[in-house]
Amino acid sequence: MKSAIIIDGYVDEPAVLGVPPYLSTYARYIAGTLIFKGFEVKYTTIDEVRKKNLFSSFNNFDVMVILSSITVPGKYIGGTPISIDEIKKIFSSNKKPFRILTGATVNFINDPDEVYADDLAIDFLKYAFEKVDYEIIRNVSLLGAEIVKMHPRFPDIICEIEVSLGCERKTYCTFCSEPILHPKFISRPVKDIIDEIEKLYKNGVKAFRLGRSANILAYGFDKNSNKLNVSLIKELYNGIRNVAPKLEVLHTDNANPAFIAQHFPDSAKAIEIIVENNTEGDIFSFGVESFDEVVRKKNNIQGTVEDIDFAIKLVNEIGGIRINGIPKLLPGLNFIFGLAGETKKSYEILYQKLKYYLENNILLRRINLRQLMIVPNTPLWYYNQRKRLKVNKALFKHYKYLIRNEIDKEMIKKVFPKGSIVKGVIPEFVEGNITFGRPLGTYPILVGVIGKFDKKSDIYIVDHGMRSITGIVLGKKVAEYSIGELAKIPGISKSKAEKLKKKYPSIALNEILEVDLD
1 MKSAIIIDGY
11 VDEPAVLGVP
21 PYLSTYARYI
31 AGTLIFKGFE
41 VKYTTIDEVR
51 KKNLFSSFNN
61 FDVMVILSSI
71 TVPGKYIGGT
81 PISIDEIKKI
91 FSSNKKPFRI
101 LTGATVNFIN
111 DPDEVYADDL
121 AIDFLKYAFE
131 KVDYEIIRNV
141 SLLGAEIVKM
151 HPRFPDIICE
161 IEVSLGCERK
171 TYCTFCSEPI
181 LHPKFISRPV
191 KDIIDEIEKL
201 YKNGVKAFRL
211 GRSANILAYG
221 FDKNSNKLNV
231 SLIKELYNGI
241 RNVAPKLEVL
251 HTDNANPAFI
261 AQHFPDSAKA
271 IEIIVENNTE
281 GDIFSFGVES
291 FDEVVRKKNN
301 IQGTVEDIDF
311 AIKLVNEIGG
321 IRINGIPKLL
331 PGLNFIFGLA
341 GETKKSYEIL
351 YQKLKYYLEN
361 NILLRRINLR
371 QLMIVPNTPL
381 WYYNQRKRLK
391 VNKALFKHYK
401 YLIRNEIDKE
411 MIKKVFPKGS
421 IVKGVIPEFV
431 EGNITFGRPL
441 GTYPILVGVI
451 GKFDKKSDIY
461 IVDHGMRSIT
471 GIVLGKKVAE
481 YSIGELAKIP
491 GISKSKAEKL
501 KKKYPSIALN
511 EILEVDLD
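Note that the numbering used here has the sequence shown beginning at 1, numbered continuously upward.
In short, the hints are calculated from the structure, not lab data. These figures come from a predicted structure and were not determined experimentally. Mixed in with the good hints, there may be bad ones.
What the hints assert, rightly or not - Calculated pairs, DSSO-like style, for lysine-lysine (alpha carbon to alpha carbon, straight line, at most 30 Å):
{"hint": "1", "residue 1": "Lys223", "residue 2": "Lys191"}
{"hint": "2", "residue 1": "Lys502", "residue 2": "Lys409"}
{"hint": "3", "residue 1": "Lys400", "residue 2": "Lys344"}
{"hint": "4", "residue 1": "Lys494", "residue 2": "Lys452"}
{"hint": "5", "residue 1": "Lys202", "residue 2": "Lys42"}
{"hint": "6", "residue 1": "Lys418", "residue 2": "Lys353"}
{"hint": "7", "residue 1": "Lys206", "residue 2": "Lys52"}
{"hint": "8", "residue 1": "Lys423", "residue 2": "Lys75"}
{"hint": "9", "residue 1": "Lys75", "residue 2": "Lys393"}
{"hint": "10", "residue 1": "Lys502", "residue 2": "Lys476"}
{"hint": "11", "residue 1": "Lys52", "residue 2": "Lys95"}
{"hint": "12", "residue 1": "Lys37", "residue 2": "Lys184"}
{"hint": "13", "residue 1": "Lys328", "residue 2": "Lys191"}
{"hint": "14", "residue 1": "Lys191", "residue 2": "Lys149"}
{"hint": "15", "residue 1": "Lys413", "residue 2": "Lys313"}
{"hint": "16", "residue 1": "Lys42", "residue 2": "Lys89"}
Take these sequences, add in the hints, and give me the full structure.
And the structure:
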C-alpha cells in the first residue's frame, strides 16, 4: 500500500483555526482525501518535528504533504506555526516522497523550487478532485476523522467543524475576503455535520467548535427562502447532542449582530436553542469593526449601532445563565483600526461605548483590537490604490491601553467572578511558581494556577488579571500548599497561611475560601 505523511504546519484564517489544541478541517480533509486515494496515512505536527528533530525522517513515504495556512497571525500558546525556512528544510531533507505544499502560504511562493516542493496547492481538495462540493467534503471528513488519535495532544484537542461557506449578505464589507474565497453562501447538509461529529466522537474527541462559518445564525438561511432557519438550527444542535451525549465542549464562533437584530424574534429562538445545547464559556464573535456610523457606512458594514446594542443585550439576556459561575454564551467583539473614514472621534466613540457596557453590566467575553490588513481584490484594496489607508499608531496604542486597563480588567471580574469554576484546564507553560493553562473552547481564557498543577484539572477562581484569571485546583487540600503559595491568594497573609496549615490540613482550600473560618 502507498504511504503518505501529513505535517501540520497549522492554520489560522478568518473562519478556520488549526493551531493546537485546535485540529483544523483542512488537516482532516487532506487525510481523508489521501485515504480515499488509497494511501496509508500518518499525521504529525511541526512542533513534534522540532521536538524530536524529525526533519530528515520522512524518506520512507511515497507522498509528503505540508499544510501551512496562516493568514491572520496571532500570539499562540499551544504551538508555533511552520516557517518558510522549515518548509525548505523538510522538503530538501526528504527527496524520495512526492512533496506537496498546501494552504494559503502557497500565495507567497512563486515557484515550487523555492521551497524544494514538487507541487503547490492552495486548496488540496481542488487539487485532488478538481472541484469542491459537500458530497466530496462528506466523504473525506468521515475518512479523515481517524487521524485525531495521531495528534500529539490527543485526547485533549478541539475539532473545528465546517457549517457553511460564504456570507449570506447580498453586498459585503469592503475589507472582507470571504466573498472572494467563497462567492456563494451555502449551508452544509445537517446530516453531514452530525455524522462527522459522531465519527470524531467515536474516535475519542469530546470538544467541538462550529467554527467554519461567517454567521452561525444564518445556517440554513439558503434553504429557508432567505429567512432565519430556526428548525434546522434546532435539528443541528439536537443531532449533535444525540450522537455525542458526553461531549465536554460544544462552542461556536462567528455571528452577525445586525442579522440578530433584523431577524428578531426568530434570532432569539435560535439563540435559546444554542444556549440549551452548548457548554459554558461559549462566545458569539461579533464583527462590529467600528461604532462610528460614518466608518460603518463607508465600509458597507451591515446594520446600525442600535442593531449592535440590541444584539449584545439579547445575547446577554439569553446567554447570561451561569454554569459553575460562568455564563453559557456572551458576545465577543472584533474591531478593525485603519478603515476608510476613521478619525480620532472614531476611537473615542469606541471607548465610550465599551465604557457604557461595563457601567451598565452588559457583559462582553472578549474585545479583539486589530489593525487593518488589506486583502488583495477586495473593494478596500482598490480604494487603497487611490487613497492610502494607514493606522494612526499613536491613537491605536493610546486607546488600546485605555481599553485593556480600564475595560478589560473590570469586565473579566464580572464574567469570571471569584468562586466560579473553569472546567478542564490544561497546563501549558510555567512562569516562576505559577503554571498557566487553558480549557478547551472558543477563545479560551488564560488561567494562572497557584501551586502544583501538571494535569487537566478543574480550577477555582480566586483573583483576576488584565486578560487572565488566577485560581487553585478544585479539591486540592491545604496540606498540599506551601506557606508561600497560600500567601499568594488574596485575603491570606503569611500568618493566616501558617494557621490554615496547622488547623485545616485535610480540608480542600476552595472550601475554606468559601467561608470565613476566623
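Cross-check of the supplied hints:
1. Restraint check: the Cα-Cα separation between Lys223 and Lys191 comes to about 14 Å, which is no more than 30 Å; the hinted pair holds.
2. The hinted pair formed by Lys502 and Lys409 fails the criterion: a straight-line CA distance of about 35 Å is larger than 30 Å.
3. Distance hint between Lys400 and Lys344 is fulfilled; the C-alpha atoms sit about 13 Å from each other, no more than 30 Å.
4. About 19 Å separates the Cα atoms of Lys494 and Lys452, which keeps this hinted pair within 30 Å; it holds.
5. Restraint check: the Cα-Cα separation between Lys202 and Lys42 comes to about 19 Å, which is no more than 30 Å; the hinted pair holds.
6. Proposed proximity of Lys418 and Lys353 is supported: the alpha carbons are some 26 Å apart, at most 30 Å.
7. A hinted pair counts as satisfied when its Cα atoms are at most 30 Å apart, and Lys206 with Lys52 qualifies at roughly 28 Å.
8. For the given pair, Lys423 sits about 23 Å from Lys75 by alpha-carbon distance, which is consistent with the 30 Å threshold.
9. For a cut-off of 30 Å, the pair hint linking Lys75 to Lys393 stands: about 20 Å separates their Cα positions.
10. At roughly 16 Å between alpha-carbon atoms, Lys502 and Lys476 fall within 30 Å of each other, so this suggested pair holds.
11. For the hint pairing Lys52 with Lys95, the CA-to-CA distance comes to about 20 Å; that is within 30 Å, so the pair holds.
12. This hinted pair checks out: Lys37 and Lys184 have alpha carbons roughly 28 Å apart, not beyond 30 Å.
13. A C-alpha spacing of about 26 Å is found between Lys328 and Lys191, which places the hinted pair at or below 30 Å, so the restraint holds.
14. Between Lys191 and Lys149 the CA atoms are separated by roughly 24 Å; this keeps the pair inside 30 Å, and the hint holds.
15. The straight-line distance between the Cα atoms of Lys413 and Lys313 is roughly 19 Å, inside the 30 Å bound, and the hint therefore holds.
16. Under the criterion of a C-alpha separation no larger than 30 Å, the hint pairing Lys42 with Lys89 is consistent with the structure, at around 20 Å.
Taken one by one, the earlier hints fail for this structure only at number 2.
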